[in-house]
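Enquirer: Listed here are the chains, written in short residue letters.
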Amino acid sequence: MKLIKENTLSPELPDFFQEFTKPTKANAGIPDVSRRDFFKISGIAGGGLVIGMAIGNSPKAKAQGSELSTLSPYVQIQTNGRVNLFSKNPECGQGIKTGLPLIIAEELDCAWEDVDVVQADIDATRYGVQFAGGSLSTPMNWMAMRQAGATARAMILTAASQQLDIPVSELSTSNTKVQHAASGREWSYGEFAELAATIPVPDPSSLTLKSFDQFKLLGRRFTGVDNYDIVQGKPLFGADTQMEGMLYATYTKSAQIGGRARSFNEDHIKAMPGVVDAFIIDEVGNPKGFNTATGDMFSGVAIVAESTWAAIKAKRELEIDWDLSNAETATWDDLVDQARAIQHSDGEPLMMLAGGPGASIPTDNPASKGDAEAVMESADQVLSAFYEYPYVSHAQLEPETCTALYENGSIEIWAPAQIPQGGESSAAALLGVPQEEAAERVVLHQTRIGGGFGRKLANDFVSEVTAIAQRMEGIPIKLQWTREDDMSGDFFRPGGFHSYKAALDGQGNLVAWQDHFMTSTMNDVTPMTSADLNASVFPMDVIDNVKLTQTMFKNAIPTGPMRAPASNAFAFTFQGFMHELAVASGKSHVEFLMDTLGEPGLANPENPGSMHTGRAANVISEVARISGYEQDDNEAGRAKGLSFYFCHSGYVAQVADVSVSANKEVKVHKVWAVADFGFIHNLSGAENQMEGGIIDGISQLFNSKITFENGIIQQQNFHQYPLLRMPQTPELEIAFLQPEEFSPTGAGEPSMPPVLAAVTNAIYNATGERIRKLPLYELGYKLV
Amino acid sequence: MATLNINGQTMDIGEIDPSTPLLWVLRDELGLVGTKYGCGIAQCGACTVHLDGAPVRSCQIPVGNLSEQQITTIEGLAADGTLTPVQEAWIEIDVPQCGYCQAGQIMSATALLNTNSNPSDAEIDAAMSGNICRCATYTRIRQAIKNAAAKMNGTAFYNAAEGGELA
Ligand code: FES
Ligand code: FES
Chain A
1 MKLIKENTLS
11 PELPDFFQEF
21 TKPTKANAGI
31 PDVSRRDFFK
41 ISGIAGGGLV
51 IGMAIGNSPK
61 AKAQGSELST
71 LSPYVQIQTN
81 GRVNLFSKNP
91 ECGQGIKTGL
101 PLIIAEELDC
111 AWEDVDVVQA
121 DIDATRYGVQ
131 FAGGSLSTPM
141 NWMAMRQAGA
151 TARAMILTAA
161 SQQLDIPVSE
171 LSTSNTKVQH
181 AASGREWSYG
191 EFAELAATIP
201 VPDPSSLTLK
211 SFDQFKLLGR
221 RFTGVDNYDI
231 VQGKPLFGAD
241 TQMEGMLYAT
251 YTKSAQIGGR
261 ARSFNEDHIK
271 AMPGVVDAFI
281 IDEVGNPKGF
291 NTATGDMFSG
301 VAIVAESTWA
311 AIKAKRELEI
321 DWDLSNAETA
331 TWDDLVDQAR
341 AIQHSDGEPL
351 MMLAGGPGAS
361 IPTDNPASKG
371 DAEAVMESAD
381 QVLSAFYEYP
391 YVSHAQLEPE
401 TCTALYENGS
411 IEIWAPAQIP
421 QGGESSAAAL
431 LGVPQEEAAE
441 RVVLHQTRIG
451 GGFGRKLAND
461 FVSEVTAIAQ
471 RMEGIPIKLQ
481 WTREDDMSGD
491 FFRPGGFHSY
501 KAALDGQGNL
511 VAWQDHFMTS
521 TMNDVTPMTS
531 ADLNASVFPM
541 DVIDNVKLTQ
551 TMFKNAIPTG
561 PMRAPASNAF
571 AFTFQGFMHE
581 LAVASGKSHV
591 EFLMDTLGEP
601 GLANPENPGS
611 MHTGRAANVI
621 SEVARISGYE
631 QDDNEAGRAK
641 GLSFYFCHSG
651 YVAQVADVSV
661 SANKEVKVHK
671 VWAVADFGFI
681 HNLSGAENQM
691 EGGIIDGISQ
701 LFNSKITFEN
711 GIIQQQNFHQ
721 YPLLRMPQTP
731 ELEIAFLQPE
741 EFSPTGAGEP
751 SMPPVLAAVT
761 NAIYNATGER
771 IRKLPLYELG
781 YKLV
Chain B
1 MATLNINGQT
11 MDIGEIDPST
21 PLLWVLRDEL
31 GLVGTKYGCG
41 IAQCGACTVH
51 LDGAPVRSCQ
61 IPVGNLSEQQ
71 ITTIEGLAAD
81 GTLTPVQEAW
91 IEIDVPQCGY
101 CQAGQIMSAT
111 ALLNTNSNPS
121 DAEIDAAMSG
131 NICRCATYTR
141 IRQAIKNAAA
151 KMNGTAFYNA
161 AEGGELA
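So the protein lines, in turn, are chains A and B. Its first residue numbered 1, the first sequence is counted upward by one per residue in our numbering. Its first residue numbered 1, the second sequence is counted upward by one per residue in our numbering.
Honestly, the hints are just simulated from the structure, not real lab data. Note that beta-carbon positions come from the ideal geometry of N, C-alpha and C, so glycine has one too. There's no promise every hint is true.
Computed list of chain A residues with no C-beta within reach of chain B, every gap over 12 Å [what the hints assert, rightly or not]: (1) D277; (2) A305; (3) E440.
Lysine-lysine pairs mimicking DSS-like chemistry, simulated, CA-CA at most 30 Å apart [what the hints assert, rightly or not]: (4) K501/A x K773/A; (5) K664/A x K773/A; (6) K773/A x K705/A; (7) K234/A x K146/B; (8) K587/A x K501/A; (9) K313/A x K270/A; (10) K667/A x K773/A; (11) K146/B x K773/A; (12) K146/B x K210/A; (13) K151/B x K773/A; (14) K151/B x K670/A; (15) K234/A x K501/A; (16) K369/A x K501/A; (17) K670/A x K705/A; (18) K501/A x K313/A; (19) K234/A x K270/A; (20) K782/A x K151/B; (21) K369/A x K587/A.
I would like the entire structure built from these sequences, with the hints used as guidance.
Expert: As structure tokens, this is what we get:
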């Protein structure tokens, strides 16, 4: 009976997550009070009965209206035995609204059919940090949710013991019932709920959590708790917010990024049918920089109208005079030319960043180690290669939207935000609400998010609706971005360039690695957000001689995290070059990877969050086995390719089976994926993330490219930025290795990165053509 | 005063700019927000509704062009409170991720199965290729359509939510 070990979170988190993960209180998912106090505070003023309506999702729940006892911020129990479990974090398609309550239900010993899931409101005092990002929702809350369930169960047992006058030691629980084995009797939890809500919260150290083999729910497949509503088109999403008397707004920013509105054809716009008001909003802060909580926003023209269509129609007739003195002037093709011109020279030494990768201040410590140059001079073979990838847009299907009502100095907001607490901070900053009044005057409700992928970590759209609502005091305002606003106004996945060199010894072993990384900066000090090279990327983490240099191009085209930030590009370049080296080494690809990984152990023994080479080797050998990768059944025009990547604490190896026709039409027949995310607590959810990650990666590989000319984004909508569609979808086969001693880590991000190189390595195996540049359509390939 | 036939009811839409796409009439005027905006240019399919049973992109249909046609939206599928086989299959296969595209997907799938009760993979691909799912739930959509077809035809189907592998 092994107790499940806590994972250490991976070190490559972007800086805006650092504050979430540093304090242990955040890792426990609870605020800075003792757990005992926490439940006291939130047991609604020392416990007692709260009367309310069940707000569950299933049809059963909706028929009920029954007395509720609140045991904790996470658990309410009705007298009829139904259980409300609160899901603290935003749901953006990663399945967390199902996943977190499942963990509570397991330790509470509930039947899942008895549970109604309720989206928690934003409240740091009850729920600690609430956000959706970094594949962190599950690992950061795993223990806290188990304790929340076990705590409520202990309170019910204590109440049952008092009420029945039977010692706790003779009672047990199962399927939302208290059982007494000696007499064969059982009672619904509902019978003890009222008393349980008054029971003192037990000391966490007195709780016994289940062992792995006692789990009844966790590890199975569960369908999403909102699915019943989704398939009927019920209002769930940010875009679905409706209020009495609501008006609709668009917000138009400068096509040349960073332009400031000076004037516009105000009379014409205001005279258009349905238009209620139109006005300029000035720039706040530094909106080109990725921000989640400061209220920074671009200048633009707001149009407020009686319908979305009236606002969009008026938007199309806007003529705005922009002050372009601070606007961007960068052109993507110029960056490409500059990078290619310096590919054979060195950059500046790459420095470690304070607080680890992703943090923002470079230190005096070089990221290089050993003596790569000397090793290369005496090596048997030295290979070099230049890899490049473009800017990419998130293209989440729900364009940014947000609703707000400002009245008497207070604001209420309904937001599909991945960092809703940052949305509150943004609004408070813009409105000048002092921190001590913010809880009263700024209230944000989280809605379901129609796709995040990192775009809605930024709260620029919350800031914009705040500014508009403030002008329109007393009227609820729904801001709707058009797709064009979204695609040209993204915080893009940054493009970048890697000039690699690597050395092999006489046995074909990888002995030195060099990367001159080219990226962008707006301050000449640090790269743009998600545009920094993480020195712990495999294989740099496991070899002794690594030289890292960097050149930063000056521009402030906005960038931000997108699903598996940095990794989403690095996996292609690093694993593509690793395959080049494997071919040169004379070893099989798998053998070369295994030899590079070496003995099982942590890549950096001092960092428990670093890659474990044994877990890496296991996913690689298993995917090779199930796909028949080493069977050497490649034929002209059809072959398999393999790739592996470690990020966000997750280990993923993928193999793609690909054919390439004479006119470069590519069919991806099948992708096999093997992952180690520790214990998988909702199999359907984890499979969903892996399926989505693979297809997302293939879509980016072939078709995704954002370009800019003189600071103007050239792609506006899906006809210029195509996404993969059903006919191009490969067959998928997914397996999870679940070493029992590891608790779950997130699946959303690590599922995606490896597949790009799996496909390009397969194309090499099928045709001999090595791909070092994305996207593939520019090289004449077409995904069919 | 203009009216539309939506989900079997005659709905009053008042005085409205006839250029307004049906999508925005549904969402803003009638509160039928299940139909979604994704692109506005007939690229994504999030706004798919049925016009006399055929799937159409409601972002492309000016309301002034409509008169007697029967319009069905996602809200109209289970108007009597009973889910359709397609909706049931979507739940059983756990299709949605973010869910934003799924109303459009379900409307396209429903239109397909209403005219072809046993579609091949190629026919499914063709009927669904106008609908983008950014979360990439395509393999599950395909499976759910097959399961729905099997339900409608009274043949066996596989319920993935209860465990086991997706076919
Ligand atoms: S919104 Fe109509 S097709 Fe995209
Ligand atoms: S489920 Fe998110 S777009 Fe399809």
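Enquirer: Please verify whether K501/A and K773/A have alpha carbons no more than 30 Å apart.
Expert: holds (17 Å)
Enquirer: Take a quick look at whether K313/A and K270/A sit within 30 Å of each other, Cα to Cα.
Expert: holds (12 Å)
Enquirer: Taken at face value, is the distance from the CA of K501/A to the CA of K369/A at most 30 Å?
Expert: holds (15 Å)
Enquirer: Regarding the pair K587/A and K501/A, is the alpha-carbon distance no greater than 30 Å?
Expert: holds (19 Å)
Enquirer: For the pair we were handed, K146/B and K210/A, check the Cα-Cα distance against 30 Å.
Expert: violated (39 Å)
Enquirer: Mind checking the alpha carbons of K501/A and K313/A for me, to see if they're no more than 30 Å apart?
Expert: violated (54 Å)
Enquirer: Hint check: K782/A vs K151/B, CA-CA at most 30 Å. Holds or violated?
Expert: At roughly 37 Å apart (the allowed maximum being 30 Å), K151/B and K782/A break the hint.
Enquirer: Verify the proposed pairing of K670/A with K705/A, using a straight-line Cα cut of 30 Å.
Expert: At roughly 24 Å apart (the allowed maximum being 30 Å), K705/A and K670/A satisfy the hint.
Enquirer: Can you confirm whether the C-alpha distance between K234/A and K501/A stays at or below 30 Å?
Expert: violated (55 Å)
Enquirer: Verify the proposed pairing of K146/B with K773/A, using a straight-line Cα cut of 30 Å.
Expert: violated (38 Å)
Enquirer: Does K773/A sit within 30 Å of K664/A, going by the straight-line distance between their CA atoms?
Expert: Between K664/A and K773/A the Cα gap is close to 16 Å, so the pair holds against 30 Å.
Enquirer: If I take the minimum Cβ distance from E440/A to any residue of chain B, is it greater than 12 Å?
Expert: Holds, because the least Cβ-Cβ distance between E440/A and chain B comes to about 30 Å, which exceeds 12 Å.
Hint violations for this structure: numbers 2, 11, 12, 13, 15, 18, 19, 20, all remaining hints satisfied.
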